[in-house]
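Put together the whole structure using the sequences plus the hints.
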Amino acid sequence: MKRKEFVIRPKHLIIGLLVFIAVAILGFAIVPQVISNFTTPKPAEIAAREGAQAFLSTDFEQGQEAWVNNVCKVASYEGCTIIKQTIAPMLWASVERGEVRQTCQAVQAELVTDTPAKGEKAHSQVWKVTLECVDAKTTKANTGDVNVLVSEHEQSWKFDFVLFTQEIQNADQQ
Amino acid sequence: MQISNNSRTTFLAILVLALVASTFFTTPAQADEGTTGWGNFFDADGNLLPGVIEAGEITQPANWMPDFPDWTGLSVDATYHQYVAPSGETILVPSTTTLFFMAMNPQESGLVGANGQIASGFGLGVELAGQVASGNGVNFLSALFQNLAGMNQVDADQFADAAINGQDAWSLFSPDSDVATLLNLFYQLSQNDGNVYLLALLYESCSNSPAGCPAELCAANPVACGLPATPEVEVEPTPTEPPTCPGPSVSQGHPSLSITPGDPPYPVVVGQDPDKRGADVNANVSIPPVIFTWYEPIYEEVNHCNALGCKTRLEFKECRVHHENLPERINTVNARAELSGESRNWIVNDLGSKWYGAYVHQGSFNLAQYGSLSNGCDGGGTCSATLAAQKVPFADPGLFNLSIVVGTNGTYWNGQQITPPRVLSDRGELKVYVILPTLIDASTNP
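First to last, the sequence lines map onto chains A and B. All letters in the first sequence, in the order written, are residues 1 to 174 by our numbering. All letters in the second sequence, in the order written, are residues 175 to 620 by our numbering.
Quick caveat, the hints were computed from the structure, so don't treat them as lab data. Beta carbons: idealized from backbone N, C-alpha and C, even for Gly. Heads up, some of the hints might be wrong.
[Stated by the list, open to error] Derived CB-CB ranges, DEER-like:
1. B:E474 / A:T165: 34 to 40 angstroms
2. A:E61 / B:C493: 44 to 50 angstroms
3. A:E120 / B:Q327: 19 to 25 angstroms
4. B:N326 / A:G144: 34 to 40 angstroms
5. A:E99 / B:S345: 33 to 39 angstroms
6. B:P402 / A:E120: 37 to 43 angstroms
7. B:N221 / A:Q108: 54 to 60 angstroms
8. A:D114 / B:Q234: 35 to 41 angstroms
9. B:Q234 / A:E132: 29 to 35 angstroms
10. B:N221 / A:V134: 50 to 56 angstroms
11. A:D135 / B:N221: 45 to 51 angstroms
12. A:D59 / B:T418: 42 to 48 angstroms
13. A:V134 / B:T418: 51 to 57 angstroms
14. A:D135 / B:K485: 49 to 55 angstroms
[As the list claims (entries may be wrong)] Rough simulated footprint, nothing fancy, chain A against chain B, three-plus residues with beta-carbon under 8 angstroms:
15. 242 to 248
16. 251 to 257
Right, dumping it as structure tokens:
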């Protein structure tokens with residue numbers, strides 16, 4: 001039987017040590033960044049989460065103006081204008097009628113569509129945001145999804161609007 | 175239901191009417207000078223006619239409006255400005271967004287009129303129903319979508335076809351023409367053009383309009399709301415409101431009475447007076463009028479208009495104050511002279527010891543028999559009585575107590591007693607002197 005002998009010379013030890021150090025450095029420098037890229041919310045997602053939270057957090061006692069101000073803090077100019085001038089007057093009646101007082105927290109978000117900028121139309125995305133809303137009176141929690149439209153303006157993502165149910169259904173069919 | 179008034183909406187509705195009528199329709203609107211249509215709401219100057227109910231801006235849930243997922247608890251209400259005539263005819267001015275979604279759901283929203291009553295012509299106005307019924311509905315909706323949403327003609331035609339055919343109009347939205355963009359466009363258009371893209375809709379009855387009938391109208395005219403007529407009942411005349419004036423008050427002044435001796439200053443009993451002068455006694459009574467103050471409620475005729483017309487009713491306006499000077503008439507006057515008890519004793523005992531047989535001749539008598547009595551009231555309501563007893567033959571010396579007692583009728587106004595009858599009195603004194611001879615021992619005088 002033939003015997004094999006491995007002779008480890010000092011230079012092999014040195015090379016091996018250098019390779020180990022290089023791998024370790026790469027591991028510490030790149031892996032967390034890669035992991036981070038998979039776990040940290042992107043700006044568009046943050047805009048969608050914040051917008052959905054502000055839009056669904058309503059308090060009939062604080063009033064329509066307070067609600068609009070909160071939404072406009074996280075909304076694009078166009079989104080704020082639509083909500084303030086068009087949606088709020090028609091939506092707030094249902095808040096007062098139902099005496100809705102709820103605080104919503106986004107717990108999950110998932111990108112649905114990504115529409116690149118085209119002509120004057122800004123780069124936009126639709127995010128499906130899952131929120132947990134807590135009724136201020138009963139402390140009962142309610143969880144559900146909404147689809148949120150966000151758009152990019154000057155490299156900054158802003159909340160535009162919570163899509164109507166009919167728009168979601170339309171998108172699903174297409 | 176949230177209500178707010180916008181004074182400009184009246185004129186806006188007319189402006190919109192004219193714009194829409196001239197822009198959208200191929201057939202000119204038919205003017206109707208009769209009693210139906212827009213003439214039931216506005217006069218020639220654009221002012222609301224009496225009895226027209228301006229419900230203001232109303233928001234109400236509508237199942238044809240878009241919505242958010244149920245779990246959010248949020249929904250979008252339809253918004254209109256509503257006018258309702260006494261007959262039930264209704265004008266709706268939907269907000270631009272509401273109108274857009276009405277156009278997406280023309281049947282459910284009542285845009286084209288439900289239940290087949292669309293053939294009715296309403297004269298001057300936007301004859302949506304007639305347009306649709308005559309086959310122009312697609313053209314109308316197409317023009318509406320094109321103008322409201324800025325769609326191209328092809329998209330607008332497809333959209334109108336789908337809306338009219340009851341298909342899901344949402345399916346025609348292309349992925350890059352989301353509703354948010356359209357809503358923003360509505361806002362821009364409305365801002366730039368002063369809401370000329372609104373539309374005024376006329377409904378023959380509020381019960382057919384998407385906004386329904388105001389409770390105020392249904393209470394006044396159930397038939398106009400599609401309810402059974404309330405049976406005619408004999409309505410008792412509405413009692414006038416009780417006056418809120420203060421109650422009457424009475425002010426009674428202080429009367430003045432006096433009975434005083436007159437001439438001569440030192441009267442002597444008539445038995446010793448060779449002239450038999452006697453003494454004068456004067457009595458005076460003055461009673462000021464009773465001031466009776468009362469308040470008269472003043473009513474004025476006020477026109478009240480409701481859905482059924484106008485009625486004139488009396489309404490309390492003010493209190494008019496009245497002051498009545500009521501005379502308190504004197505019905506009896508009794509003036510007497512009464513010799514005091516001390517004087518009686520002095521006559522009988524002291525004087526009688528010196529003059530044998532001295533006695534009281536006339537210790538008490540009525541003074542009125544020696545004078546004239548005048549009694550009456552002046553124009554100001556003051557009543558007075560005067561007794562001037564002249565040369566009263568006082569036969570007894572001493573102190574006479576004079577008294578005057580008067581009785582009054584009280585006061586009356588319009589046959590009603592205001593103050594009761596009363597008795598007033600006063601007293602005075604009069605001294606009557608006697609001349610007595612005295613024996614003087616002259617020898618004792620130096």
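Against the structure, the hints come out as follows:
1. B:E474 / A:T165: 34 to 40 angstroms: violated (59 angstroms)
2. A:E61 / B:C493: 44 to 50 angstroms: holds (46 angstroms)
3. A:E120 / B:Q327: 19 to 25 angstroms: holds (21 angstroms)
4. B:N326 / A:G144: 34 to 40 angstroms: Since B:N326 and A:G144 have Cβ atoms about 37 angstroms apart, the given range 34 to 40 angstroms holds.
5. A:E99 / B:S345: 33 to 39 angstroms: holds (35 angstroms)
6. B:P402 / A:E120: 37 to 43 angstroms: The hint (37 to 43 angstroms, Cβ to Cβ) is violated, given that B:P402 and A:E120 are roughly 59 angstroms apart.
7. B:N221 / A:Q108: 54 to 60 angstroms: holds (58 angstroms)
8. A:D114 / B:Q234: 35 to 41 angstroms: holds (38 angstroms)
9. B:Q234 / A:E132: 29 to 35 angstroms: Holds: the Cβ-Cβ distance is about 31 angstroms, inside 29 to 35 angstroms.
10. B:N221 / A:V134: 50 to 56 angstroms: holds (52 angstroms)
11. A:D135 / B:N221: 45 to 51 angstroms: Since the Cβ atoms of A:D135 and B:N221 sit about 48 angstroms apart, the hinted range of 45 to 51 angstroms holds.
12. A:D59 / B:T418: 42 to 48 angstroms: holds (45 angstroms)
13. A:V134 / B:T418: 51 to 57 angstroms: holds (55 angstroms)
14. A:D135 / B:K485: 49 to 55 angstroms: holds (51 angstroms)
15. 242 to 248: holds (count 6)
16. 251 to 257: With 3 residues closer than 8 angstroms to chain A, the region 251 to 257 of chain B meets the three-residue bar; holds.
In this structure, the hints that do not hold are numbers 1 and 6, in rising order.
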